Amino acid sequence: MSAVRERNSSAWLLPPRPGVDHGLRKDMRRFEDQDEVDIAIVGCGAGGSTMLQRLARAGWTAVGFDAGPFWDPERDWVSDEAGSHHLYWTEPRVIDGTDPVPLGSNNSGRGVGGSMVHFAGYTPRFHPSDFHTFTADGVGADWPIGYSDLRSFYEDIEEELPVAGEAWPWGDPHKYTYRPHPVSGNGEIFLRGAFASGITAKVGPVAIANGRFGNRPHCIYRGFCLQGCKVNAKASPLITHIPDALAHGAEVRADSMVTRIGFDERTGKATGVHYVRAGVERFQRARIVAVAGYSIETPRLLLNSANARFPEGMCNDFDQVGRYLMVQGAPQTAGRFAAEVRMYKAPPPEVSTEQFYETDPSKPYKRGFSIQTVSPLPITWAEHVMAQGHWGAELRRYMSDYPHWACLGALCEFLPLAENRVSLSEEKDRHGLPVAKFSYSQCENDQQLLKAAQSVMERILTAAGAEETMTVKRYAHLVGGARMAADEHHGVVDSSCRSFAIPNLYITDGSVLPTQGSANPALTIMALAARTAAILVKGD
Amino acid sequence: MSLPLSPRDGGERYPGFSSVDESDHWDRATQGAVLVRLGLPPDIRFFTAREEAVARALFDQLLDQHSDPRVPVVNMVDSRLAEAETDGWRYADLPEDGQAWRETLAALDQDATERHGQGFPEVTLDQQASLLRAVQDLGYAKWHGMTAARVWSLWTRYACTAFYSHPWAWDEIGFPGPAYPRGYKNLGLDRLEPFEVRDARPAQDPAANAGGDG
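Chains as they are written, first to last, in our numbering: chain A, 1 to 540; chain B, 1001 to 1214.
Don't read these hints as lab results, they were simulated from the structure. All values reported here derive from a predicted model rather than from experimental measurement. There could be a bad hint or two in this list.
[Unchecked claim] A partial selection of chain B residues facing chain A, derived with a Cβ cut-off under 7 Å:
| hint | residue |
| --- | --- |
| 1 | D1009 |
| 2 | V1034 |
| 3 | L1035 |
| 4 | L1062 |
| 5 | D1064 |
| 6 | D1068 |
| 7 | T1086 |
| 8 | F1175 |
Backbone N, C-alpha and C define an ideal beta-carbon position, used for all residues, glycine too.
Let the sequences and hints guide you as you build the complete structure.
What follows is the structure, encoded as structure tokens:
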């Protein structure tokens, strides 16, 4: 454990009780706008916070900007579904295409910690096959890096979050430092159904320490992971990377919306970031700029940073910005049991299987899906029931049966398609900036995966003894939109996440992913950011 | 306090269960956010009087609330719209949520008037239900120039978020609500906490007994 603490002491810097260390924040170093800091990072989520921590530790002067607040979990977060609305990015956005993807609570965070504040907590690695799907299967894209380039960063981040789970047999087989958590009724159902139907399922991997970690306490199994963990048990960068960053002289500038990237046409370099704080437009000078605003806001910022050199948007000489944006098909199938499952108890992320992750040559589709426990709370569960067409008395009747239902969710590897993209809408936000329009349509492979995943979930639940099942179609996660590629005709950044067009502009968030596998993306986003930080430190 | 719901429709399955009885175990921030929902409902600020009447009838139908006490869903939705507390996205073929609410309520009222000669709040409950079923059955076809399924999604999302944020609704479904800082200690099938109440009618599987209105 001491090796982790030497690399990242965040868990030991937090107070030994719920809440956060106000001392670190009060004494936080503050830079002047006219100081040329080594790096200005846009967004303090998974990618941005990891960069901030790594670079501050290496002695860089670094400022992390976030449009949202610097959360105090005790004061700002509640153990309640409707009361957690402010955790999501709820500025206006437009969704379009044949299969429009709802945003907001589903996949978009704001504030320091980003969407990991309200992510479920699953932290699987990508499989080695994810990095060359085009060569192997003729679908998706090949990454300019391979799994082996990321492995050591996966190991580091897994220790820092930390991750608990059983020894993992899929992809590159590996183990976790922390033992798997006990499971609730929902997890029991999955394990029982998987066993009965000959499917291997495992407990984990989740970014919730099983036991005390530094000053972070043990999980209390209250089931509100998606509403922000007040306990400090579930990982988010707010507690896993920001404390160590502050202790090493980084500044977090919250409530500061970056509106445009500064650019010098003479040198061809980025000069810093324009931002709005408390209604005042300001400019922070920086030697390097890293954008980590996630798959909607990162492309939007690049497009809104158009100038004489980049009339179609920064880094967009080859019309790549905003394209190949992906979501995972995430149908949820629920089963009704005579026993009381009470799926709201314990964290929603408990048990998963990656047995169907890889391409199965006997199937008509390429690539695959994973299946995990999900445990909708009442409002989300009511949407599940309403999606079956029930309302009025029938809705109330179904809802009164809530304790008897178990629920599984799939993550289907939808393919990256050029037309699935962010562009700018005519509509403007309160800063006067065009809002993002996100257009999404599925391809045939996507639809085949959805059907296959649903039938496996029905098989598991039925084998566990479900009397009835019902499925709701939905989406999860966002990646892509400014992808990594071998050259500027096929992507926005190179293998080190440096933009092809501007030598001191980096993108260090989920938008650089060329494919998504059927893994939850948070761990991979952090590992990629840690790798980019290591490259920057080495080259400095 | 329990909401009026007949045993046939799922009422009285968790006898004596009250989430609010446990509110001493909730943290202060959560108490503040949840207990305010039991107080005087916020005044109507967004809807016009006519919109309020149509919305009230719509929510009573969607949530089967036909007698008092009711969860004040119309006030809760109005409050969200007055504060522009949207979900952070809108469909390209619908206006922003506030305007979409105004237009869809007017369209619903217009449907009632054209079919029955009276507005939506004035027609019978059965007539209201069949007007709503007609919108629901359109699926992805257009309704007053809007994709019906997306209008349905707008109505039901706001309705469910309001209704199932209310402790009285939690009592009806056996959900204890906030769970911090106490947490849960009895995980697993049929393992209850001392403050949870076992379902008195576990065989009342709604999927097996589907029927009735709605």
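The hints, checked one at a time:
For the restraint placing D1009/B at the interface with chain A, the shortest Cβ-Cβ distance is roughly 5 Å, inside the 7 Å limit, so the hint holds. Hint status for V1034/B: holds, given a least beta-carbon distance of 6 Å to chain A, under 7 Å. Taking 7 Å as the C-beta contact cut-off toward chain A, the hint placing L1035/B at the interface is violated, the least distance being around 11 Å. The beta carbon of L1062/B comes within 5 Å of a beta carbon in chain A, closer than 7 Å, and the hint placing it at the interface holds.
The restraint placing D1064/B at the interface with chain A holds, with a minimum CB-CB distance near 5 Å, inside the 7 Å limit. Restraint check, D1068/B versus chain A: the minimum CB separation of about 16 Å is more than 7 Å; hint violated. A hinted interface residue such as T1086/B counts as satisfied when its beta carbon comes closer than 7 Å to some beta carbon of chain A; here the least separation is about 6 Å, so the hint holds. Below 7 Å, beta-carbon pairs count as interface contacts, and F1175/B has one with chain A at about 5 Å; its hint therefore holds.
The structure is inconsistent with the numbered hints 3, 6, although it conforms to all the rest.
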